[in-house]
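Novice: From first to last, the protein sequence lines are chains C and Z.
Note that our numbering has the first sequence beginning at 2, numbered continuously upward.
Note that our numbering has the second sequence beginning at 36, numbered continuously upward.
Wrong hints could be hidden among the right ones.
[As the list claims (entries may be wrong)] In silico SDA-like cross-links for lysine to any residue, where the CA-CA straight-line distance does not exceed 20 Å:
| id | chain 1 | residue 1 | chain 2 | residue 2 |
| --- | --- | --- | --- | --- |
| 1 | C | Lys110 | Z | Ile511 |
| 2 | Z | Lys54 | C | Lys110 |
| 3 | Z | Lys304 | C | Lys110 |
[Stated by the list, open to error] If you anchor each label on the Cβ, the simulated ranges turn out as follows:
| id | chain 1 | residue 1 | chain 2 | residue 2 | range |
| --- | --- | --- | --- | --- | --- |
| 4 | C | Leu99 | Z | Leu501 | 14 to 24 Å |
| 5 | C | Ile113 | Z | Lys449 | 32 to 42 Å |
| 6 | C | Phe83 | Z | Phe208 | 42 to 52 Å |
| 7 | C | Ile106 | Z | Thr371 | 25 to 35 Å |
| 8 | C | Leu99 | Z | Ala338 | 20 to 30 Å |
| 9 | Z | Ala338 | C | Glu38 | 17 to 27 Å |
| 10 | C | Ser251 | Z | Met490 | 36 to 46 Å |
| 11 | Z | Arg515 | C | Phe69 | 50 to 60 Å |
Hints in this document: simulated from the structure, not taken from any laboratory.
Beta carbons are placed, not taken as given, at the ideal position from N, Cα and C, and that holds for glycine.
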Amino acid sequence: MVIRRKLIAVMTSLLSVMLSGVVQAAAEMNMRPGVTETSQAAFDLHMMVIWVMVVISVIVFGAMIYSFIFHRKSKHPTPATFSHSTKVELVWTIIPILILIYLTIPAVKLLIEMEDTSESEMSVQITGSQWKWHYKYIDHDIEFYSNLSTPREQFENYEGSGAANNPNYLLEVDNELVIPVDTKVRFLVTAADVIHSWWVPDLAVKKDAIPGFINETWTKVLTPGIYRGQCTELCGKDHGFMPVVVRVLSKPDFAIWVADKDAEKVVAEKAAAEAAAQSWSLDKLMALGKTTYDAKCSVCHQVTGLGLPPTFPALKDSPIALGAIDAHIEIVVDGKQGTSMAGYGSQLTDAELAAVITYERNAWDNNTGDLVQPADIQAFKAGNK
Amino acid sequence: MGDHHPTGIKRWLYTTNHKDIGSMYLWFSFIMFLIGGAMAMVIRAELYQPGLQFVDPNFFNQMTTMHGLIMVFGAVMPSMVGLANWLIPMMIGAPDMALPRMNNWSFWILPFAFTLLLSSLFMEGGAPNFGWTFYAPLSTTYGPPSTDFFILGVHMMGISSIMGAINVIVTVFNMRAPGMTLMKMPLFVWTWLITAFLLIMVMPVLAGVVTMMLTDRHFGTSFFDAAGGGDPVMFQHIFWFFGHPEVYIMILPAFGVVSEIIPAFSRKKLFGYSSMVYATASIALLSFIVWAHHMFTTGMPVAGELFFMIATMLIAVPTGVKVFNWVATMWQGSLTFETPMLFSIAFVILFTIGGFSGVMLAMAPVDFQYHDTYFVVAHFHYVLFPGAIFGTTAAVYYWLPKWTGKMYNETSGKIHFWLSMVFVNLTFFPMHFSGLAGMPRRIPDYNMMFADFNMWASIGAFGLGLTQIYFLVTIIVAIRSGKPAEQKQWDGASGLEWDALPSPAPYHTFDTPPKVN
């Protein structure tokens, strides 16, 4: 008796584990209903089409399987001789048309609703560039870059670095896009270099970011939370490494976040001014330069400074790093048209820019001995205007 | 037999014989299939589990790009031209193709085009890495130096395809035996005739778009560069105006193949012959007005999205007619399941599944969720692998006895079929799930939540890769030591190639045209 009871207990627990596995797998197998009205409508439409397709499959494949069994040569040695029937052919032309009309009507309605960006309550400009997103709040004085925050060693050494324990592996960023709940937010989507595509599955928003053009889309999220997505248009080497993370806050929390951002900005500006005012030592510049370089520049130019030529040139022994300081500052601050080299003038502080340029001029045996001070960057930027 | 032809390498270099050229096309496409397949193995090895294990992201992009280009232009398209060369003259009662010298040239361009393309793997900066769709400006301003070799390679393939298409059209219109009216032609000839028109219409468009890329890259134009007043989206419009008919170029001849094979093994005439012809023509016409369904997320106006959504869904109607006609052909037939029939049945079922996901993708508001995810990868592999490639495979088994006079081993053929069937589904079905769960395509690394399905897909892909070696061995064994084939190897087969020609078919097919009733 005891053994049997134990056996039953084991069996039921096994069964429940299996069932939960199936349920979990089922959740990962299908589209997510998401957290907006449009995403839920898209999900419903998706399920509706699937069921229509299942019914058609059962009929068509059923007829085929019936033939395989009952019209095989051993069972049905003399084939029928019919080879056309206008009536039947008309029927199976008209029925699919009716099914398609049945599917099209809700699709048209939903599409028109999804493309209606009018009456939005706030706007965010989203700019894709290789391989990060930039968010600019049109109605607030807030803008920032959003970079992948999964450490490089996690994907370069997946087993050893414990990446498997990171549930948000490759889907986490340093600065999330923050928006309020129950608010129609309009997104103005564009790109700075190649085409990217901004996608958050839970919002059912996917829009291509195209250089030179601004696309509009919108969302109105029903539940606060963190929603993750990725770039979905091949945009070069690190296409797989530019996630999108949206944090949706309640309206009061969003107001607090905006206030915090404003305060942060004042502090940062003050710190930047202070940093710019002092003269930095080589060691200090090299230390900050290395962190900045490894975070922002090494993706293309590599930690070794050897780059991935010819697309991403080496900086070690390069004419830029060994040549005139002004030209070096210019290319880092303004970027280079027609190449993947973006301008970092607005992405880094003056101190970081000065440090990274100093680092590039002295690391990897470049040893020019040149020091670039934050003040030099300020002067360059002032001259630019 | 008075077959005057040089021997050794000269035979193949100088040949103007449709059978020699057909064989060269088929072997060439198989070699490309193995090379493109090897690249797929690299992709699937990298995606076997999360993390970067084998290749760096840039090389991964080169692999996805080259895999796509080689499979589309090097494997599928030449295999269809190979079948056309072998079969069309025999089916319509012609002595050879109408333009034999051009036929030789259109084949011999291909090895050079692909040598050029493949050599880019060894160049500084690597091979093209912008996806087989080579969207600007990633392929123009940001493309590696080898992009120019890619452009030249595409031009050469395009010239080859156009010449092949002209040859088919001229042959079909001028070389039919007396009595072989258009509406008596085997469906394979019909589908190829329509395909040839598609090729002539769209290959010049492809040539145009790569030329615009070339001038953007080197001669200061700004067709696709917004900074110079151009439009990156225009690239996509031009590319897909080629690209969508292109997918029918790859599948229509396969429709023709199964329309020959299913009646043969059902021992019953093809159901609805004329509606099959009209359905093929409708698909071809519709294929010109649906291209922007690849671009629903580019910010088209709603009116444009509605038009392309509805036009695309309409394609389901003629495609449905074809599937229903195949099923009706089997209905009350007298079925046997030899290898060509098995591949044809799998074609009908799995292509239909690919068609279903096609209808889903056509619906713009839901396409926003599917677009550029693995769901799309699953969709087009379902229409290409069990579609185009199963179609060609079925054709090889079906006509091999006619081509070589030797029979393959039926057991080996069936083993090949079941391996293919299991591994194709194991490879591509899980991709539907990873796509729906949110995995974008063309990424070398992914979050844990996509891990299970990727592992299954990789295991399936390795199996599918090995299966192709088994296929090669089966065919070589058949050619070398297969049992002699009969003139009409399949009792249900019909058509001039079975009724009027011995097996193997003679080097020169019809010295005097046969009579067709």
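Novice: Evaluate each hint against the coordinates.
Specialist: Hints and how they fare:
no.	hint	in the structure
1	C:Lys110 - Z:Ile511	violated, 57 Å
2	Z:Lys54 - C:Lys110	violated, 55 Å
3	Z:Lys304 - C:Lys110	violated, 44 Å
4	C:Leu99 - Z:Leu501: 14 to 24 Å	violated, 45 Å
5	C:Ile113 - Z:Lys449: 32 to 42 Å	violated, 52 Å
6	C:Phe83 - Z:Phe208: 42 to 52 Å	violated, 32 Å
7	C:Ile106 - Z:Thr371: 25 to 35 Å	violated, 45 Å
8	C:Leu99 - Z:Ala338: 20 to 30 Å	holds, 24 Å
9	Z:Ala338 - C:Glu38: 17 to 27 Å	holds, 23 Å
10	C:Ser251 - Z:Met490: 36 to 46 Å	holds, 40 Å
11	Z:Arg515 - C:Phe69: 50 to 60 Å	violated, 34 Å
Going through the hint list in order, the structure does not satisfy hints 1, 2, 3, 4, 5, 6, 7, 11.
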